[in-house]
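Visitor: These are the residues of each chain, in order.
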Amino acid sequence: MEIIRLENVGFQYKDYEGNVIEAVKNVSLTIDKGQFVAVLGRNGSGKSTLAKLLNALLLPTEGVVTVFGRDTSDADNLFEIRKNVGMVFQNPDNQMVASIVEDDIAFGPENIGIEREEIIARIEWVLKAVGMEEYRYAAPFKMSGGQKQRIAVAGILAMKPEVIIFDESTSMLDPEGRGEVMDVIKRLLKEGMTVIFITHDMNEAVEADRIIVLDKGSVVMDGKPETIFADERLPLYNLKLPLVTRIAKELKDGGLPINGSVTRLEALTEELCRLL
Amino acid sequence: MPIVVKNLSYTYMKGTPYEKQALNDVSLTINDGDFLGIIGATGSGKSTFVRHLNGLIKLTQGSIIADGIDLSAKKPDLKLLRRKIGMVFQYPESQLFAETVFKDVCYGPKNMKKSAEECEALAHEAIELAGLDFEAFKDRSPFELSGGEKRRVAIAGVIACKPEYLVLDEPSAGLDPKGKDEMYNLVLKIKASTSHTVVIISHDIDEIAEYADRIAVFDDGRIYADFKTADIGQYADGLKERGLDVPVTVKLRNALKLSEITGVRQNELIESILKYYKTSK
Ligand SMILES: Nc1ncnc2c1ncn2[C@@H]1O[C@H](COP(=O)(O)OP(=O)(O)OP(=O)(O)O)[C@@H](O)[C@H]1O
Ligand SMILES: Nc1ncnc2c1ncn2[C@@H]1O[C@H](COP(=O)(O)OP(=O)(O)OP(=O)(O)O)[C@@H](O)[C@H]1O
Ligand SMILES: [Mg+2]
Ligand SMILES: [Mg+2]
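These protein sequence lines are chains S and L, in that order. Count the first sequence with our numbering and you get residues 765 to 1040, in order. Count the second sequence with our numbering and you get residues 460 to 740, in order.
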């Protein structure tokens, strides 16, 4: 079932001198319910702008964005769209609203009219999910970088939106924290949530069902991870292969007859044990 | 000269119900020429530690002598200290402030009383080195940029000052894959010329193992271990116990269990595997 549709969408920023910056150009695509989509692309390629177009934080300057069949440019749809499309920002400071973690997390659900008891249950659930139970009464502004990111993720999870957009929301988490967020995502996908995951980490992108690559505001690749990572154009867009795949490729180029393309460490280890 | 930290402890919001001990008796000497990688779980005290080094957090317990400047003195020369030790913060937004990218990057050199031409030349060079096109970005507002572009401006602002010590708090977060490689190569390049000592915090152990020569591991406000990168294999279990990762190269090596196969850096390992394959065939 299609839940997001972009038709010839463009977006231009104007800077303070009135110069136009074309951040998104002529993008047409659809995203189905339950998909796990990774969005990749060089710095400044338009990923965050595209994300903001999906929950009506920005309105397209060209074309139409529809979410659940609702046009994001129609102000009457704003509440429904914001309620159903949650976004975790690139910098968690842009997202913190309250001086206590618990209130910060409650803010979103309160705004969409969730009952108090349910909110309390959700606070407990999300803090556990991101491993921050101890910090329930702490101040979100007075935390380490990674702790802030965890709280930002928790705040959006608590709204239980239909779609969650993660805009590099795990970039400062330790390996355990990343694992925890990935586990939560996988659980939510099973429950039918749609996840759009912007990242520069190729190891995370491998986990997605589909990868969209942006360059200069346009979609330049769109496909399954295997297809994308087999595409020779990757370096043109400042992207690289996941580390394991890169090591496998160099071994192969060096004369080791490794079978197929390898993305996981276990697979590479198996191949090497067979060959050595 | 080295940066010598002895018995450093720090508690945020001391004396309030929210007090939080972030550092607990940390001693570490950063030697001239070190390329030190700092790793550790979320909240383990990494940023608190490095913010002490250039006086962003006032020393309360323990001692720090940074390149001969005693931070426990009554009035340490913080201006001189910050000129020597350049720091890129964890979130670039907390470092950007001027109306344009150019003015932002010029700020440091200007403060060092360089002439207008010198400032311009330094800023130009630094912006390009950080991977941004000077003409396209110089007049843009640093606040109206993408996340990775902001990060690059923050890095440019620091390298424009050519500090002797370069401290970078998760600098690769937000950079695209090619940008990460370029950033590390840039650091290696300036390490060979102006900033001889480099400290980088990162959660990406593969990156740290590839570039750093020495690794310090923070754990709940203490230093759990401090070793040469080549020896990381010996710490695999300890790192895992602390929720940290070991490099992919070490995982591969450990899984293969062949004493002939060595190397922590990717090229070393690849060469060693290929050599083993060819000689054993
Ligand atoms: N508020 C703004 N005002 C003007 N231009 C902007 C603004 N935000 C972003 N831009 C520009 O729009 C383009 C796309 O930016 P966007 O933030 O969408 O990129 P991105 O793909 O998310 O990059 P990154 O990987 O660095 O986060 C860039 O050229 C950027 O400089
Ligand atoms: N301004 C502050 N006020 C109060 N406590 C703080 C403040 N900044 C950090 N802390 C606390 O001090 C501890 C150490 O934080 P620090 O920022 O040094 O961690 P870190 O190792 O850099 O973590 P990360 O990897 O998440 O950036 C954490 O438990 C954090 O909650
Ligand atoms: Mg972005
Ligand atoms: Mg930190």
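Simulated from the structure, these hints should not be mistaken for laboratory data. There may be inaccurate statements among the hints.
Stated by the list, open to error - Okay, derived cross-link-like pairs now, EDC-like style, lysine to aspartate or glutamate, Cα gap no bigger than 20 Å in a straight line: (1) L:K710 with S:E898; (2) S:K892 with S:E882; (3) L:K699 with S:D947; (4) S:K1004 with L:D640; (5) S:K778 with L:E603; (6) S:K1004 with L:E641; (7) L:K716 with S:D979; (8) L:K737 with S:D779; (9) L:K637 with S:E996; (10) S:K778 with L:D665; (11) L:K734 with S:D1017; (12) L:K716 with S:E1030; (13) S:K1004 with S:E968; (14) S:K1013 with L:D493; (15) L:K479 with S:E898; (16) L:K699 with L:E727; (17) L:K740 with S:E866; (18) S:K1013 with L:D598; (19) S:K1004 with L:E666; (20) S:K1013 with L:E603; (21) S:K1013 with L:D665; (22) L:K650 with L:D484; (23) L:K479 with S:D1017; (24) S:K778 with L:D598; (25) L:K479 with S:D947; (26) S:K1013 with L:E666; (27) L:K716 with S:E1035; (28) L:K562 with S:D779.
Stated by the list, open to error - Ranges of calculated distance between the beta carbons of each label pair, as one might list FRET restraints: (29) L:D592 with S:L823: 40 to 48 Å; (30) S:L1000 with L:E577: 46 to 54 Å; (31) S:N1023 with L:D672: 35 to 43 Å; (32) S:G956 with L:E603: 46 to 54 Å.
To be verified - To give an idea of the interface, some chain L residues facing chain S are shown, with a C-beta separation under 7 Å as derived from the structure: (33) D592; (34) F593; (35) K597; (36) E629; (37) D635.
The C-beta atom is built at its ideal place from N, Cα and C for all residues, glycine as well.
Visitor: For each hint, tell me whether it holds in the structure or not.
Guide: Hint by hint, here is what the structure shows:
1. Pair hint K710 (chain L) plus E898 (chain S) does not hold up; C-alpha atoms about 32 Å apart against a cutoff of 20 Å.
2. Between K892 (chain S) and E882 (chain S), the direct Cα distance comes to roughly 16 Å. Compliance with the 20 Å bound is thereby established for this hinted pair.
3. With a C-alpha separation of about 18 Å, the suggested pairing of K699 (chain L) with D947 (chain S) holds against the 20 Å cut-off.
4. A hinted pair counts as satisfied when its Cα atoms are at most 20 Å apart, and K1004 (chain S) with D640 (chain L) qualifies at roughly 10 Å.
5. For the proposed pair K778 (chain S) and E603 (chain L), the alpha carbon gap of about 10 Å is at most 20 Å, so the pair holds.
6. For the given pair, K1004 (chain S) sits about 13 Å from E641 (chain L) by alpha-carbon distance, which is consistent with the 20 Å threshold.
7. Note on K716 (chain L) and D979 (chain S): the hinted pairing is violated, with a Cα-Cα distance of about 43 Å set against a maximum of 20 Å.
8. For the suggested pair K737 (chain L) and D779 (chain S), the alpha carbons sit about 59 Å apart, so the restraint of at most 20 Å is broken.
9. For the given pair, K637 (chain L) sits about 15 Å from E996 (chain S) by alpha-carbon distance, which is consistent with the 20 Å threshold.
10. In summary, the hint linking K778 (chain S) to D665 (chain L) is not supported, as the alpha carbons are separated by about 39 Å, beyond the 20 Å threshold.
11. Distance check on the hinted pair: K734 (chain L) and D1017 (chain S) sit about 13 Å apart at the alpha-carbon level, within 20 Å; holds.
12. Of the supplied pair hints, the one linking K716 (chain L) and E1030 (chain S) holds, its CA atoms being roughly 14 Å apart against a limit of 20 Å.
13. The straight-line distance between the Cα atoms of K1004 (chain S) and E968 (chain S) is roughly 13 Å, inside the 20 Å bound, and the hint therefore holds.
14. Taken as a hint, the K1013 (chain S) and D493 (chain L) pair is broken in the structure, with Cα atoms around 32 Å apart against an allowance of 20 Å.
15. Restraint check for K479 (chain L) and E898 (chain S): the C-alpha separation of about 12 Å stays at or below 20 Å, so the hint holds.
16. Proposed proximity of K699 (chain L) and E727 (chain L) is contradicted: the alpha carbons are some 23 Å apart, above 20 Å.
17. Between K740 (chain L) and E866 (chain S), the direct Cα distance comes to roughly 62 Å. Violation of the 20 Å bound is thereby established for this hinted pair.
18. Restraint check for K1013 (chain S) and D598 (chain L): the C-alpha separation of about 42 Å exceeds 20 Å, so the hint is violated.
19. A hinted pair counts as satisfied when its Cα atoms are at most 20 Å apart, and K1004 (chain S) with E666 (chain L) qualifies at roughly 14 Å.
20. Distance restraint check for K1013 (chain S) and E603 (chain L): the Cα-Cα separation of roughly 39 Å exceeds the 20 Å cut-off, and the hinted pair is therefore not satisfied.
21. Among the hinted pairs, K1013 (chain S) with D665 (chain L) is consistent with the structure: their alpha-carbon atoms are about 17 Å apart, no more than 20 Å.
22. Proximity of K650 (chain L) to D484 (chain L) is assessed by CA-CA distance (about 29 Å); at most 20 Å being required, the pair is judged violated.
23. For a cut-off of 20 Å, the pair hint linking K479 (chain L) to D1017 (chain S) is broken: about 52 Å separates their Cα positions.
24. For the hint linking K778 (chain S) to D598 (chain L), the alpha-carbon distance of about 13 Å falls within 20 Å, and the restraint holds.
25. Our distance criterion of 20 Å between C-alpha atoms is broken by K479 (chain L) and D947 (chain S), whose separation comes to about 29 Å.
26. About 19 Å separates the Cα atoms of K1013 (chain S) and E666 (chain L), which keeps this hinted pair within 20 Å; it holds.
27. At roughly 14 Å between alpha-carbon atoms, K716 (chain L) and E1035 (chain S) fall within 20 Å of each other, so this suggested pair holds.
28. For the hint pairing K562 (chain L) with D779 (chain S), the CA-to-CA distance comes to about 16 Å; that is within 20 Å, so the pair holds.
29. Between D592 (chain L) and L823 (chain S) the C-beta distance comes to about 29 Å, which lies outside the given range of 40 to 48 Å.
30. A hinted range of 46 to 54 Å is violated for the C-beta pair L1000 (chain S) and E577 (chain L), which are about 37 Å apart.
31. Taking 35 to 43 Å as the suggested C-beta distance range, the pair N1023 (chain S) and D672 (chain L) conforms, at roughly 36 Å.
32. At roughly 37 Å, the beta carbons of G956 (chain S) and E603 (chain L) sit outside the given window of 46 to 54 Å.
33. Because the smallest distance between the Cβ of D592 (chain L) and any Cβ of chain S comes to about 10 Å, over 7 Å, the interface hint for this residue is violated.
34. Evaluation of the F593 (chain L) hint against chain S yields a violated restraint, the C-beta minimum of about 15 Å exceeding 7 Å.
35. Because the beta carbon of K597 (chain L) sits about 12 Å from the nearest beta carbon in chain S, more than 7 Å, this interface hint is broken.
36. A hinted interface residue such as E629 (chain L) counts as satisfied when its beta carbon comes closer than 7 Å to some beta carbon of chain S; here the least separation is about 6 Å, so the hint holds.
37. Proximity of D635 (chain L) to chain S holds as hinted, the smallest CB-CB distance being about 4 Å (cut-off 7 Å).
In summary, the structure is inconsistent with hints 1, 7, 8, 10, 14, 16, 17, 18, 20, 22, 23, 25, 29, 30, 32, 33, 34 and 35 from the numbered list given earlier, while agreeing with the others.
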